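Novice: With the first letter of the sequence shown counted as 1, position 49 gets the number 49 in the UniProt record's numbering; the numbers rise by one all the way through.
If you're looking for bench data, these hints aren't it; they were derived computationally from the structure. Just so you know, these numbers come straight off a predicted model, no measurement behind them. Please note: incorrect hints may appear among the correct ones.
Stated by the list, open to error - Here are the simulated BS3-like pairs of lysine-lysine, each with C-alpha atoms no more than 30 angstroms apart in a straight line:
no., residue 1, residue 2
1, 126, 90
2, 87, 105
3, 88, 105
4, 88, 99
5, 59, 90
6, 88, 35
7, 103, 126
8, 126, 79
9, 88, 59
10, 28, 99
11, 87, 126
12, 59, 28
13, 87, 59
14, 126, 35
15, 103, 90
16, 103, 79
17, 79, 59
18, 105, 79
19, 103, 88
20, 28, 105
21, 87, 99
22, 99, 79
23, 126, 88
24, 90, 105
25, 59, 105
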Amino acid sequence: MMYREIVIYTDGGCLGNPGPGGWAYVLKADGIFEKEASGNERDTTNNRMELTAVIEALKASQALGAQSISLNTDSQYVKNGITSWIKKWKVNGWRTAAKEPVKNKEYWVELDRLNANLPVQWNWVKGHAGVEGNERCDQLVRMAMDALA
């Protein structure tokens with residue numbers, strides 16, 4: 001089945017940085033299919049969890065098929081990284097403007113691959129601002145982190 005539109009919310013978090021972390025996404029397809037998923041890692045960073053949430057959500061979307069995907073993240077790091085910074089990183093051999101290696105390169109490579117093959121529109125939403133999908137992801141992330149305690 002091909003869906004017209006998939007709407008995704010993602011979030012990631014960490015207790016300490018590094019420390020135990022969690023990621024989550026909420027996915028809705030044409031208002032008729034919904035999926036939530038989350039996971040955790042014992043020793044990770046906030047940025048890795050934000051990236052993992054997006055990667056896992058896009059993998060799930062890929063399996064569903066869609067004419068458009070609206071991905072909502074409260075991470076400026078993720079949104080700016082995939083829509084802007086990554087172009088320069090790739091040209092510069094995965095180095096930042098300061099000539100340092102890009103952190104979390106393996107995550108960015110996977111996200112870039114998924115993004116290139118899917119019709120994704122990237123949106124930033126303010127965290128903890130009452131946006132329903134984002135608030136639900138935050139709850140799932142907290143539960144995932146609590147499961148490690």
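Novice: Looking at the structure, which of the earlier hints fail to hold?
Specialist: 6 and 10
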